[in-house]
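Visitor: Using the sequences plus the hints, can you model the full thing?
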Amino acid sequence: MKKSGELQNSPQAASKKVARQKVLLGLVGAFVVLLAVLPLFASGFWMRTLTLLFLLAAMAEGWNFIGGYTGYAAFGNVAFFGIGAYGTALSMLRLHFPFFLALLVGAAAAMLFAVLVGLPVLRLKGHYFAIATVALATGVGEVADFWTDFTGGAAGLTLPFFHPIQLSNYFFYYIAFVLVLFGLGLTYFIMKRKLGYSWLAIREDEDAAKMMGINTTWSKVVAFALSALMAGLAGGIYAYWNTFVLAEEVFKIEYTLQMILATVLGGPGTVFGPFIGAFIYYILITLLVFFLPVGQLHATILGLIIILVMVFTPQGVMDFLSGRKRLTLSALLENIRTHKV
Amino acid sequence: MGSLELTQGVVNAILLSGTLALVAIGFSIVWGILNIINIAHGAFIMLGAYVTYWLFTLFGIDPFLSIPLSMITLFIVGYVIQRYLINLVIRAPLLVTFLLTFALEIVIINLATFFWKGDLRSVTPAYSGAGFTIGAVQIPYVRLGAFAISLLLTGLLHVFLTYTKTGNAIRATGMDIDAARLQGVKIAQSYALTFALGSALAGAAGSLISISFPIDPTMGGAYTLRAFLICVLGGLGSIPGVMLGALLYAFIEVFSGIYAPGLKDAIALFVLVFVLIVRPTGIAGKAFYH
Amino acid sequence: MNQEVIFETQGITKYFGGLAAVDNVDMKIHKGEILGLIGPNGAGKTTFVNTITGMLRPTRGRVIFKGQDITGWPAYRVGRLGIARTFQIVKPFLGMTVRENVAVGAMFGHKGKTRTTRQALEKADEVLEFVEMGHLRNHFADQLTLAYLKRLELAKALAMEPELLFLDEVMAGLNSREIEEAMEMIRKINASGVTLLIIEHVMKAIAGVTHRVFVLNFGTELAQGSPEEVLNDPRVIQAYLGEKFVERQRRMQQASPQQ
Amino acid sequence: MKRSFQILLAMLMIAAVVLAACGKSGGEKQAAGGGQQGGEKCVITFGAAVSLTGKYAKEGEYVKNGYNLYVEQINKQGGIKVGNKTCEVALKIYDDESNADRSAQLVEKLITEDHVQFLLGPYGSGNTYATTAIAEKYQVPMVEANGAATKIFKRGFKYSFAVLTPAPYYLRGIIDMALDADPNIKTVAIVAENGAFALEVAQGAKDYAEEKGLQVVYFDKYTKNTKDVSSLITAIKAKKPDILLGAGHLQDTLLIVKQAKDLNVSPKVFGFSVGPTAPEFRKALGKDADYIVGGAQWTPELKIQSDDVFGTPQKFAELYEAKYGEVPPYQAAESAAALIAYQKAIEAAGSLDKDKVRDALASLDYMSFYGRLKFNEQGMNVYKPMAVMQNYPDGKLYTVWPKEAATKPFIYPFKPWDQR
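Protein chains in written order, with the working numbering: chain S, 1 to 341; chain U, 1 to 290; chain B, 1 to 259; chain P, 1 to 420.
Derived from the structure by calculation, the hints contain no laboratory data.
A portion of the hints provided could be inaccurate.
Some residues of chain U that are not near chain S, with every Cβ distance over 12 Å (derived) [stated by the list, open to error]:
id	residue
1	Gly145
2	His158
3	Thr162
Label pairs and their computed distance ranges (CB to CB) [what the hints assert, rightly or not]:
id	chain 1	residue 1	chain 2	residue 2	range
4	P	Glu377	U	Trp116	42 to 50 Å
5	S	Lys192	U	Arg181	38 to 46 Å
6	P	Gly395	U	Trp116	21 to 29 Å
7	S	Ile165	P	Gly395	54 to 62 Å
Every residue, glycine too, gets a C-beta built ideally from N, C-alpha and C.
Guide: Here's what the structure looks like:
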């Protein structure tokens with residue numbers, strides 16, 4: 001949503017913008033088609049890698065609602081992933097629901113949690129909000145890890161394994177892919193509507209938004225709940241895919257960081273940003289691990305990449321992609337110029 | 001509830017609060033004055049612990065005596081990082097500095113693991129584990145020493161911030177950056193010094209921790225979270241607030257550890273969220289290193 | 001001007017800690033008028049507006065709008081009911097275009113419920129024409145000058161189609177030509193049927209556009225009346241300009257006959 | 001410029017996707033080369049994802065060392081006999097960063113792209129959980145050596161085997177030994193890390209202690225990655241147990257010892273499931289390690305004679321020390337044993353066919369340098385007893401239980417901290 005340099009109200013600029021959007025849309029469209037037919041060629045490894053990537057992209061799209069559009073630095077979204085995973089697993093194991101019904105139960109549980117927690121926590125701002133969400137996610141994870149009678153505790157939950165769809169790579173690939181597309185569609189849909197405008201207004205100035213008749217509490221809680229929906233669905237799919245749920249796995253803070261990174265890398269507050277960011281991030285770390293001779297230093301390299309992105313282009317690559325900015329040295333240095341002391 | 005558990009618990013909590021205050025105070029000044037949540041704080045604590053470990057292992061330097069050295073080392077590390085990295089983006093949105101320090105933590109921890117391996121290490125001077133008893137209550141010398149040094153350093157910090165020119169400049173920067181600039185404070189320098197000071201205190205905390213607890217490259221994360229909890233409990237921006245927060249947190253941790261060890265962190269975290277919601281400025285309210 | 005009271009506060013009081021920032025203020029605003037609210041810095045003007053628009057909760061007292069008690073209502077409900085305000089320190093939505101900024105008002109304000117997003121954007125265009133900013137509609141808000149930002153504040157508030165509009169120092173920082181324009185704009189808004197309360201330090205504007213003036217000092221009412229009365233009231237001058245000024249003026253008056 | 005950046009990025013993405021597609025065909029070629037039947041040169045490739053970074057980096061390194069040492073030794077002998085020819089052994093190892101997602105991803109890569117014939121296990125129950133499911137999906141055998149939680153094996157999997165003694169058996173030896181040393185022992189306190197493996201260990205110990213007529217006076221779990229257990233120790237101190245048993249990982253073990261000393265808690269028997277037998281235990285604690293006992297899957301002192309590539313535990317230890325410069329931890333031995341299980345099964349099957357080897361593994365019964373290798377129908381090795389080792393005041397570790405394998409007598413009781 002950030003802007004710079006050229007003004008965009010001349011007819012030429014407008015038509016250029018439309019043209020650029022068409023190119024971008026075309027590229028993304030071609031890419032989506034490519035991904036849709038990919039399973040015909042790809043190995044099991046790449047299917048798994050891309051499935052994980054899609055789940056990450058879906059979570060990033062969800063994070064984008066609260067973090068990118070509404071401007072609340074939520075650092076606990078993994079809680080929704082974990083609750084989605086547990087909700088799905090428990091309804092399959094205890095209630096013997098079929099997978100898709102269980103998935104909805106898991107996602108609904110995540111959303112319910114988001115609403116209950118969001119009402120008090122979304123009153124906080126800045127760092128306080130960020131850490132309150134970290135604390136909640138960690139706390140919920142520990143409860144799941146400890147509450148042996150209900151969640152199975154640290155021993156975790158084991159899902160039945162031998163269903164044919166679990167043995168096929170296609171099922172989880174496509175369901176995760178559909179989730180990503182659903183997220184893109186949902187984002188586009190919302191951002192054309194009043195709810196989307198209310199998020200942007202809250203991000204830019206919450207007091208002004210309030211005074212202009214926006215029920216900010218409601219808008220924020222909806223944003224939070226929709227991020228929970230995306231993460232909860234991803235969590236439920238993940239649980240059935242991996243066939244077991246361990247609290248230490250599904251509540252780990254790395255997932256939160258990954259979704260934020262993906263969003264920030266792509267461009268927070270843009271429709272395609274989280275998806276593109278997830279792609280860049282996940283392919284990058286996969287390549288780092290497998291194909292570059294960096295030995296045990298790949299995490300260090302990942303850290304250095306984050307540092308470089310934060311210093312040079314914290315608005316994400318979407319600015320360059322959409323043509324809002326030119327990729328020049330001075331554009332890269334602009335961030336330092338405006339934010340240094 | 002046995003009375004032994006109770007009294008020993010109280011003693012443990014008080015002794016622990018000293019180290020925790022030192023853990024949190026550096027984090028608190030960086031947050032209060034630079035408005036940065038330094039996720040890498042725990043990594044600095046880890047580095048401090050390793051300085052002490054290596055000095056002890058290689059040269060037999062007593063861990064308590066190595067504290068100044070680990071503070072100096074971390075001071076330099078902190079200064080360089082702030083001056084040449086964080087200062088570049090310090091006015092960017094919260095998320096940027098948050099992720100930047102997070103990435104720093106990844107880099108530091110992974111380099112440490114690369115060079116020193118993931119081994120658990122312990123500093124074991126001859127007097128480790130020794131202590132005295134009052135009634136049935138055991139008081140280890142090491143923890144008592146750590147408590148005393150924490151209080152001493154906290155006191156010194158207070159004196160520094162209140163009575164020295166540099167300290168005043170730092171506080172002025174925290175209160176009103178424009179006013180400070182008008183008074184001739186060099187902001188970039190002042191920021192770097194603040195961060196360096198925070199890192200040095202983290203280094204000292206790391207040294208003290210290494211004497212009582214085993215250390216490894218990933219030890220820091222838990223301390224970053226605790227530092228945050230303490231700052232929130234005690235209120236951001238005042239030394240007494242941090243100490244109060246540390247004491248409160250130590251009691252929560254010790255007693256939930258006795259009665260529900262598996263939920264220790266969860267209890268502390270839910271208390272945190274509760275406090276945030278009820279009193280967002282912390283129990284001690286907001287002072288600003290006045 | 002008719003004497004129908006559109007808005008009223010009864011004993012509005014706001015404490016911060018032990019201090020009363022606003023103390024027992026009774027104010028009536030008549031339908032269709034332009035009421036000026038003045039007072040020295042720190043007199044509690046902005047706190048007063050915050051308290052009666054739902055940004056802050058009053059400690060005591062009642063706020064009544066068109067016969068309805070709206071005390072303690074959250075700001076968004078106050079906004080939807082037909083009260084809009086601007087902020088002394090402008091609060092544009094920087095990451096949105098001028099048109100989107102204004103459309104937010106049209107979406108969520110007084111008649112927002114009845115509009116679609118598209119209709120709101122059309123309404124925004126209409127308002128932008130009214131405030132003569134139509135040519136800037138596709139600019140991002142952070143590309144505007146201060147004068148335009150102030151006008152954008154106004155446009156956002158107008159898009160809410162309020163019956164009552166609070167303007168908090170919309171002229172501060174403007175040059176005299178811009179002030180003239182702003183005064184003209186205020187008259188135009190008033191003529192379209194909107195009741196206004198304007199907080200202002202620019203006395204020329206107060207004298208030029210208001211029908212009535214209300215003076216606040218130390219959180220309490222000091223005076224109210226027509227602009228001429230109030231601006232010549234020694235109590236007001238003293239409060240505004242301080243003891244020293246009044247003293248000097250007195251001395252000058254004493255000195256002048258001798259010349 | 002901006003257009004070119006778009007195109008650049010599009011190319012990057014498409015390249016990634018094409019890479020994905022190529023991975024498959026490329027891999028197939030490799031398979032044709034690696035899995036050949038009639039040629040002169042024959043190679044058996046084993047694959048494993050092991051934690052070389054992250055929280056299990058240290059243990060992962062032991063695992064990797066164990067695998068490598070075996071491969072080096074067997075190749076010195078020419079390799080593994082398959083029918084009438086001898087195949088060289090190759091090893092493909094990736095770093096799973098102590099992360100279960102990564103572990104699963106890597107095992108899927110080993111199977112579908114690197115086309116390894118057989119799988120070895122990662123370190124830790126969590127990662128083993130994740131990877132056994134992948135092995136099962138592709139019906140590739142996995143013999144693992146470092147995931148002791150029985151839950152892994154209660155899913156009805158056909159292709160997973162574990163050479164190590166399952167978790168519930170870990171602390172039994174210490175209880176037997178304590179009762180043997182002093183029949184008057186009455187009470188036991190058990191603390192466990194809140195993790196799948198440790199909880200099974202603790203529960204197994206509790207059941208066994210109660211079966212033996214002991215009173216469990218304290219039984220609780222503590223948070224994973226805890227940095228301070230003094231509260232727990234304080235609670236235990238009040239109970240004055242005769243035996244204090246801990247189930248967790250090395251880090252917790254060190255913490256418990258240090259803080260037990262700080263708070264002067266001295267039970268008559270002080271033992272852990274994991275930790276006291278690791279070389280790091282002594283390194284980290286110095287003299288404070290004295291008298292503490294630990295369960296051991298394996299120790300270099302065991303008296304075993306085998307006809308495998310190592311022959312005896314002593315020989316394994318000698319080779320290990322020569323190569324890695326330290327006394328072998330049991331993780332290394334059990335990891336090597338996983339390969340021995342494969343070797344014997346492949347030899348018995350006379351084939352590299354995955355299903356034939358699987359069947360051979362299921363019916364394997366072999367005495368290796370590591371101990372008996374035999375799997376129950378779930379794939380767990382419940383036939384190998386655990387040893388107990390004690391840190392002697394002379395700074396060395398000795399096997400003290402079972403009696404017939406003991407190299408030194410068990411020193412009883414634990415010398416109280418305040419009398420040292």
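Visitor: Output the indices of the hints that this structure fails to meet, ascending.
Guide: Nothing - there is no hint that the structure violates, so all of them hold.
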